[in-house]
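Chains as they are written, first to last, in the numbering used here: chain P, 7 to 136; chain S, 164 to 293.
Derived from the structure by calculation, the hints contain no laboratory data. Among the clues, some could well be false.
[Said to hold, decoys possible] No farther apart than 16 Å at their CA atoms in a straight line, the calculated lysine to aspartate or glutamate pairs in the EDC-like style are these:
#1 P/K136 - S/D276
#2 S/K200 - P/E128
#3 S/K253 - P/D129
#4 P/K43 - S/E286
#5 S/K200 - P/E131
#6 S/K228 - P/E134
#7 P/K136 - S/D270
#8 S/K253 - P/E128
#9 P/K133 - S/D212
#10 S/K291 - P/E41
[As the list claims (entries may be wrong)] So the derived label-pair ranges between C-beta atoms look like this:
#11 S/R282 - P/N113: 42 to 50 Å
#12 S/N238 - P/E131: 22 to 30 Å
#13 S/V235 - P/E128: 35 to 43 Å
#14 P/N123 - S/S254: 21 to 29 Å
Every residue gets a Cβ at the ideal spot worked out from N, C-alpha and C, and that includes glycine.
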Amino acid sequence: MKSIVLSLFLAGMSLVSLANGPHDPIADKNANTAEVKCVGNNSGELFFNVLYNNAAGSRFSVTILDETGNTLYSGIYSVKKFDKNFQLADPESFGKLVFVIRNLGDNSVQRFEVNNNSRLVEDVEVKEVK
Amino acid sequence: MAFFSKLSLAAAFLLVLSSAKAQSTETGEAEKTATVKYLGTQDDMLVFDVFYTNPTNGKFQVVIKDQDGTPVYQNVFSEKTIYKQFRLPKSEKDRVVFVIRDYKDADIVKTFDINVNSRIIREVAVRKVD
Numbered sequence: 007m008k009s010i011v012l013s014l015f016l017a018g019m020s021l022v023s024l025a026n027g028p029h030d031p032i033a034d035k036n037a038n039t040a041e042v043k044c045v046g047n048n049s050g051e052l053f054f055n056v057l058y059n060n061a062a063g064s065r066f067s068v069t070i071l072d073e074t075g076n077t078l079y080s081g082i083y084s085v086k087k088f089d090k091n092f093q094l095a096d097p098e099s100f101g102k103l104v105f106v107i108r109n110l111g112d113n114s115v116q117r118f119e120v121n122n123n124s125r126l127v128e129d130v131e132v133k134e135v136k
Numbered sequence: 164m165a166f167f168s169k170l171s172l173a174a175a176f177l178l179v180l181s182s183a184k185a186q187s188t189e190t191g192e193a194e195k196t197a198t199v200k201y202l203g204t205q206d207d208m209l210v211f212d213v214f215y216t217n218p219t220n221g222k223f224q225v226v227i228k229d230q231d232g233t234p235v236y237q238n239v240f241s242e243k244t245i246y247k248q249f250r251l252p253k254s255e256k257d258r259v260v261f262v263i264r265d266y267k268d269a270d271i272v273k274t275f276d277i278n279v280n281s282r283i284i285r286e287v288a289v290r291k292v293d
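Okay, chain P solo, but in the shape it has when bound (with noise of 0.2 Å):
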């Protein structure tokens, strides 16, 4: 198993907002559309917020493949409104990851692709010494 770890936690305080405020970005799609968003990386954690609108309710799977393909996370799901954050433990390793969103009723497939491009920065400050 790779370095790279996933790890999943519901977005309560999503649901939450979901649930009160008067904008549904799931109900706004059309119907089966699915959503991946990179929704921050403060502090050096990066979070997906995958978005499934699921009207049938059927089973679907979210996979989370590595650039090599290899599968970091595999999950099935029956919710008619999926919305989740995953977060990757190792940001640092990643450079490309791929989410697919496999309707199993009617087998269709969703992809998405992220790339990371990370470069280094050097901010140089010289000071004569008087």
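Following the hints, put chain S in place on chain P, whose structure we already have.
Below, chain S without anything else, positioned relative to chain P:
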């Protein structure tokens, strides 16, 4: 008569000019004859300009030392004026010292503290693949 009047005016003008020149030369010498300027980085190197006027035409030495006092460059010159550009590699050493020694007066010492701050910029892009 008019001729002598013009001649005396021209002479007075020249006198003013030469005294102004003498004054500026004296001021320049009083300010010091050596300048070391940090110009910035280029190709990962720290670029410094060294300018030195050597009014006595005697020999003088330019030494560049790192934080530990280890000379990284030294050379002896005898030109009346030198202008040299030095490119020093960035390293963990965070101090550079320029010494100009004319073997007569006290050494001219210019010290620079260097602070390199490194940071990683991450750009994450998500795209849907059909």
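Numbers of the earlier hints that this structure fails to satisfy, in rising order: 2, 13
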